[in-house]
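J.: The primary structure of each chain is shown beneath.
Number of protein chains: 2
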Amino acid sequence: MTDSPQAIDDLIALMAKLPGLGPRSARRAVLHLVKKRAHLLIPLADAMQQVGETVRECVNCGNIATDDICGICASERRAIGEICVVEDVSDLWAMERSNQFKGRYHVLGGTLSALDAVGPEDLRIPRLLDRIKSENVTEVILALGATIDGQTTAHYIADQLPGITVTSLAQGVPVGGELDYLDDGTITAALKARRAI
Amino acid sequence: MTDSPQAIDDLIALMAKLPGLGPRSARRAVLHLVKKRAHLLIPLADAMQQVGETVRECVNCGNIATDDICGICASERRAIGEICVVEDVSDLWAMERSNQFKGRYHVLGGTLSALDAVGPEDLRIPRLLDRIKSENVTEVILALGATIDGQTTAHYIADQLPGITVTSLAQGVPVGGELDYLDDGTITAALKARRAI
Numbered sequence: 001m002t003d004s005p006q007a008i009d010d011l012i013a014l015m016a017k018l019p020g021l022g023p024r025s026a027r028r029a030v031l032h033l034v035k036k037r038a039h040l041l042i043p044l045a046d047a048m049q050q051v052g053e054t055v056r057e058c059v060n061c062g063n064i065a066t067d068d069i070c071g072i073c074a075s076e077r078r079a080i081g082e083i084c085v086v087e088d089v090s091d092l093w094a095m096e097r098s099n100q101f102k103g104r105y106h107v108l109g110g111t112l113s114a115l116d117a118v119g120p121e122d123l124r125i126p127r128l129l130d131r132i133k134s135e136n137v138t139e140v141i142l143a144l145g146a147t148i149d150g151q152t153t154a155h156y157i158a159d160q161l162p163g164i165t166v167t168s169l170a171q172g173v174p175v176g177g178e179l180d181y182l183d184d185g186t187i188t189a190a191l192k193a194r195r196a197i
Numbered sequence: 001m002t003d004s005p006q007a008i009d010d011l012i013a014l015m016a017k018l019p020g021l022g023p024r025s026a027r028r029a030v031l032h033l034v035k036k037r038a039h040l041l042i043p044l045a046d047a048m049q050q051v052g053e054t055v056r057e058c059v060n061c062g063n064i065a066t067d068d069i070c071g072i073c074a075s076e077r078r079a080i081g082e083i084c085v086v087e088d089v090s091d092l093w094a095m096e097r098s099n100q101f102k103g104r105y106h107v108l109g110g111t112l113s114a115l116d117a118v119g120p121e122d123l124r125i126p127r128l129l130d131r132i133k134s135e136n137v138t139e140v141i142l143a144l145g146a147t148i149d150g151q152t153t154a155h156y157i158a159d160q161l162p163g164i165t166v167t168s169l170a171q172g173v174p175v176g177g178e179l180d181y182l183d184d185g186t187i188t189a190a191l192k193a194r195r196a197i
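Top line first, the protein sequences correspond to chains A and B. Just so you know, the first sequence maps onto residues 1 to 197 in my numbering. Just so you know, the second sequence maps onto residues 1 to 197 in my numbering.
Straight-line C-alpha distance at most 25 Å; calculated SDA-like pairs for lysine to any residue:
#: 1; chain 1: B; residue 1: 36; chain 2: A; residue 2: 20
#: 2; chain 1: B; residue 1: 35; chain 2: A; residue 2: 146
#: 3; chain 1: B; residue 1: 133; chain 2: B; residue 2: 59
#: 4; chain 1: A; residue 1: 35; chain 2: B; residue 2: 10
#: 5; chain 1: B; residue 1: 36; chain 2: A; residue 2: 53
#: 6; chain 1: B; residue 1: 35; chain 2: A; residue 2: 40
#: 7; chain 1: B; residue 1: 192; chain 2: B; residue 2: 141
#: 8; chain 1: A; residue 1: 192; chain 2: A; residue 2: 179
#: 9; chain 1: A; residue 1: 17; chain 2: A; residue 2: 88
#: 10; chain 1: B; residue 1: 102; chain 2: A; residue 2: 6
#: 11; chain 1: B; residue 1: 192; chain 2: B; residue 2: 176
#: 12; chain 1: A; residue 1: 36; chain 2: B; residue 2: 54
#: 13; chain 1: B; residue 1: 102; chain 2: B; residue 2: 134
Far from chain B, some chain A residues (derived; all Cβ distances over 10 Å):
#: 14; residue: 68
#: 15; residue: 114
#: 16; residue: 150
#: 17; residue: 191
With the C-beta cut set under 8 Å, the calculated list includes, among others, these residues of chain B facing chain A:
#: 18; residue: 7
#: 19; residue: 8
#: 20; residue: 14
#: 21; residue: 18
#: 22; residue: 19
#: 23; residue: 21
#: 24; residue: 27
#: 25; residue: 28
#: 26; residue: 31
#: 27; residue: 34
#: 28; residue: 41
#: 29; residue: 52
#: 30; residue: 55
#: 31; residue: 64
Please keep in mind that the hints were generated in silico from the structure rather than gathered at the bench. All values derive from a computational prediction rather than experimental measurement. Just so it is clear, CB atoms sit at the ideal spot from N, CA and C, and this is done for glycine as well.
Please build the complete structure, drawing on both the sequences and the hints.
T.: In structure tokens, the structure reads:
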């Protein structure tokens, strides 16, 4: 951009790297920030600084936290003995929003993938096996995506855990979903797992 | 969000205020930032800090600048005597991208609007009239939006400037545009302004 200040160009280039923003929307966002300097730009810079300085990974489960141990692992109100294995922190958040699971989590940080050469030691799988021993875990809930890689990872983990109950989330019709819009695979899964009412 | 660190929640709430991002995409962006702390989060915080400290409005034209006078107003290569009046800094940037106009700009900061009670003194119109006198301006190009408010503003400014050439951008078929997709108003305008070839 000719003649626009270097600081602005730099900020636009960085903002454009955020998921969901491209060069055009980054420009729009930066102009908005400049106009709302006191109410948005300065607080946002401070909040990022704050997150950059304080937020790290929980050494136990991989969740993001401001201490070495995250709020969930540290909480005494969370049931021990149950671990819900998720791919990413965003999945952990999604589980927490449903407000149903009262145990603890383990964030793998991805899925096994032959294509991308991701093996068990690239994920937090060894740490999961340690935790299962040390925390007297009796049930492992695999809340992994219903993708090929997600299911491969689920099978791999289940194979490592003889003698422990390993479950996975049910597959079926989403609540509020219309059959007409569902893919064949989901309908097949829902039909196979049909229940008496 | 239960159990996610306060610093993260604060950052998500601020990010969600950016145009183009909602609560869901703000969450996604923040997770991305946390994962790319060294490459994105820290540089972004610094760039925002930098912009917050250095960027201000050009006292002459209203463009954003790091000095009291913006690069365009300060440049000796820009023609004096021609002022292009735009609504917003983003419009100035759009004009600059076309790389055609070699004069100087004046950013109004909005358009006159009876509905939103925006009068001439709420915009940078008095300053424009001052500049036209002091800079010996001979042509004012009104590059305002083809909206009701934009056109009202254009007429208001033209009325204030007897004896000066006031022009506005041509209306017509956009380059690369197909007639089939154009609205009636644009086709009417393009037909009225037809030229011999």
